[in-house]
Amino acid sequence: MLARRNPQLNRHGELIHLLSVEGLPKAVLTQILDTAGTFLSVNDREVKKVPLLRGKSVFNLFFENSTRTRTTFEIAAKRLSADVLNLDIARSSTAKGETLLDTIANLSAMHADMFVVRHAESGAPHLIAQHCAPHVHVINAGDGRHAHPTQGLLDAYTIRHYKRDLTQLVVAVVGDIVHSRVARSDIHALATLGVPEIRAVGPKTLVPGDLAPMGVRVCHDMAEGVRDADVIVMLRLQNERMSGAMLPSAAEFHRHYGLTPEKLALARPDAIVMHPGPINRGVEIDTPVADGAQSVILPQVTFGIAVRMAVMSIIAGNVA
Amino acid sequence: MLARRNPQLNRHGELIHLLSVEGLPKAVLTQILDTAGTFLSVNDREVKKVPLLRGKSVFNLFFENSTRTRTTFEIAAKRLSADVLNLDIARSSTAKGETLLDTIANLSAMHADMFVVRHAESGAPHLIAQHCAPHVHVINAGDGRHAHPTQGLLDAYTIRHYKRDLTQLVVAVVGDIVHSRVARSDIHALATLGVPEIRAVGPKTLVPGDLAPMGVRVCHDMAEGVRDADVIVMLRLQNERMSGAMLPSAAEFHRHYGLTPEKLALARPDAIVMHPGPINRGVEIDTPVADGAQSVILPQVTFGIAVRMAVMSIIAGNVA
Amino acid sequence: MLARRNPQLNRHGELIHLLSVEGLPKAVLTQILDTAGTFLSVNDREVKKVPLLRGKSVFNLFFENSTRTRTTFEIAAKRLSADVLNLDIARSSTAKGETLLDTIANLSAMHADMFVVRHAESGAPHLIAQHCAPHVHVINAGDGRHAHPTQGLLDAYTIRHYKRDLTQLVVAVVGDIVHSRVARSDIHALATLGVPEIRAVGPKTLVPGDLAPMGVRVCHDMAEGVRDADVIVMLRLQNERMSGAMLPSAAEFHRHYGLTPEKLALARPDAIVMHPGPINRGVEIDTPVADGAQSVILPQVTFGIAVRMAVMSIIAGNVA
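Just so you know, the sequences run in chain order A, B and C. Take 5 as the starting number for the first sequence in our numbering and just add one per residue. Take 5 as the starting number for the second sequence in our numbering and just add one per residue. Take 5 as the starting number for the third sequence in our numbering and just add one per residue.
Incorrect hints may appear among the rest.
One copy or two, it doesn't matter: identical chains are merged, so the pair holds either way.
As the list claims (entries may be wrong) - Here are the simulated lysine to any residue pairs, SDA-like style, with alpha carbons at most 25 Å apart:
hint, residue 1, residue 2
1, Lys-52, Gly-148
2, Lys-267, Arg-15
3, Lys-52, Ser-317
4, Lys-167, Ala-109
5, Lys-267, Arg-221
6, Lys-30, Ala-294
7, Lys-167, Ala-113
8, Lys-52, His-135
9, Lys-53, Ala-113
10, Lys-167, Pro-200
11, Lys-52, Ala-269
12, Lys-167, His-130
13, Lys-267, Asp-106
14, Lys-208, Asn-47
15, Lys-30, Asn-10
16, Lys-53, Ala-109
17, Lys-167, Ser-85
It is worth saying that the hints were derived from the structure and are not from the lab.
Just chain A, same shape as in the assembly:
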């Protein structure tokens, strides 16, 4: 069987789309994190703009609403001097019965340079990347339960920023692993970058037992999961799932898996606490932890802008 080329890379192995962290070589991830480092200083400058994407048209295609994630991409694009077009896609042509691919073909014909796609269906950004014009680059901003690669990369950036060497770390990802595209992208990014021990922590209903092939250790006991961890990534508990059969209640989840100061004390004393936001205080994380000295939740947001600028500038420079 002939190996199919990763659709995210051109024939020189350069990044042309960002669809998933899975399958990307370590060198590409490292390039993104290194480039993000150079953009961090841009965001601290008096004039926070660089002309790398001047005259480029970036389309935010949010088939699923997410003001916060859209905003991070819009800021990143504007700081690169791109023109940003926000399409309220839920109210537009798709509502008139146009197919996804016809919408994409039309926008491509407007000389779009980049699509940032959020979609409830896993694989939609992949489909778009396969069918759009060769001059268009696609960034997955979250698709179904599949992937949220910029979140995975910004989490990797954050860990590298605080811990420097990733090859000695224990990272615990806690919560609703089974439904979480963030968890999936985090695990792929950290495994590729050489983190030796990644733990998936949560109840049996939310943590699948078959994660060993991904090199992940499953812990259904929270104390076991966070003990001696260097990094704890708390996932957001989706309200809409709390009332289902998956979970007894938010209070029950908090009792077993919510990150309290007591549970955090089981981790290494210099452990950092992360969360993709928005946080549910008192559910998956307690306020003293979220606002405490070990929390790096807000730096994650700052690094997220730099990582998105890095991804955009890298793919815009590579030709399909």
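Starting from the structure of chain A, add chains B and C where the hints point.
Okay, now just chains B and C, sitting in the frame of chain A:
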């Protein structure tokens, strides 16, 4: 009776508003198409921006929602370096009982330079142009059943691009002519530019019999309508009208007037197929035709950006 | 008791937030009005942009929808060359249960430079200013019944523009004083700038009797209220309050307090008529008055852009 001056032209005969193709002299239409040609190359450049509208404020006033059309104007304005303000007018002051003219007077007082107006009522852009401050230019982005002049102009551009000489052509416009502002603007543009035979094709309920004064030949039979045509413009069948008394059903329409490969074969072998989008596959047009070698539906979108840039830059340069 | 510093001023007495006109020294108000004057000419230029906020990120946080006010701030920021991010906050994270302060902390972490806040709760912009990062500046764009400081300032600008000397004037503010943040900000601005007689005019249900401490004269009789006034500020009658116990009906209000040509004739012959918009023709103001020679309602809108540019550029230049 004294002739009233066309409100779209200043006393030197220069374009200051674009409200309707009807009544515009051929020289003005030709100037727009020629200017659009120069902008096509801008859209292919690495940096797709020219500073012609730098510092100008373009307001998108969409009283009727249309993400796609708004996006094309927003891109065009941004590529001309204008500042673009999108007003979600349905949720704003008009909802608070303010009159249309008070809204316009207020926005003019903010030193607006251009209003791009989409409105469900025929004549609304005209009314706005008559009452707004003299420094403001108005572009009609579609009003009721009346006109959609930039669509008419981009269709003319597309035909000229592929056929060069318009004075020997047979153009068939097929579908719901009676409700279509696109058809009306197409017919005016093509007649003014010298197309000798324009056919309006569709059922008696959708094609009025009195188009002869416009120089249009009415065909209720599809085979007769498309036979030996150089250009076929398929109109979008509005879903909301399919259930009414106007039409038996979408399937019935497709059987008689839907553009299948068989019906297309009746036209000239080098005929081009156009559609304003979004298309209803399997209703007014079959997939093999929409995606086939004779389809120029996506180039229409590309030309549409250049035509809108042309209109904006021309009217911004002329003084009322 | 130690005096608490005004949170809008840094320790040098320079403006770092604009939360309320109340408590701001006359010198700061005068600086804003003088700076606005210099920006008026920018809005008349061919290229209406100055680079004062280039590379800055201004976030419009409208927890309460107001297309018109948001647009004025967006234009002001763009004419200062800032990047503007519009957050449709009602549909975003707050809807997911995130607290206001967590939302603000997140946006600050994206290196926001300025928040323009409209909120239904009085005091929300204050709370945000107290908790946001030191590099972020907050402008109140209207909070509950509390304050609408840029409206107060633009009204002061308008009066100064037409009357020059404020220290000899009689200004009548007419309508629903008790619910009006505009009235409150107007009264504070004019009192600070030295207007000797400010009258609050309206029925007992809408004009509180205890305004004497603010130096305001209460008039429940319209003739008494507008007699010999130099300036009449008509407030918008909120439709939603007309049906309540506060008011018998819109017609009843119009009969007693609506500004007709007859009532206007009681004021000084050179009196100007103002209104924050949008106006209810035939309710609080008659059409011949709104469109008449004494009306300065549209110049208010023009001055409003310049005043907002002034506030933004002043606070952006001052360090907390």
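The hints, checked one at a time:
no.	hint	result
1	Lys-52 / Gly-148	neither (33 Å within a copy, 34 Å between copies)
2	Lys-267 / Arg-15	neither (48 Å within a copy, 43 Å between copies)
3	Lys-52 / Ser-317	both (15 Å within a copy, 16 Å between copies)
4	Lys-167 / Ala-109	between (44 Å within a copy, 24 Å between copies)
5	Lys-267 / Arg-221	within (19 Å within a copy, 63 Å between copies)
6	Lys-30 / Ala-294	neither (31 Å within a copy, 43 Å between copies)
7	Lys-167 / Ala-113	between (45 Å within a copy, 21 Å between copies)
8	Lys-52 / His-135	between (34 Å within a copy, 23 Å between copies)
9	Lys-53 / Ala-113	between (28 Å within a copy, 17 Å between copies)
10	Lys-167 / Pro-200	within (14 Å within a copy, 65 Å between copies)
11	Lys-52 / Ala-269	neither (39 Å within a copy, 55 Å between copies)
12	Lys-167 / His-130	neither (33 Å within a copy, 37 Å between copies)
13	Lys-267 / Asp-106	between (51 Å within a copy, 23 Å between copies)
14	Lys-208 / Asn-47	neither (42 Å within a copy, 54 Å between copies)
15	Lys-30 / Asn-10	within (14 Å within a copy, 53 Å between copies)
16	Lys-53 / Ala-109	between (31 Å within a copy, 22 Å between copies)
17	Lys-167 / Ser-85	neither (32 Å within a copy, 39 Å between copies)
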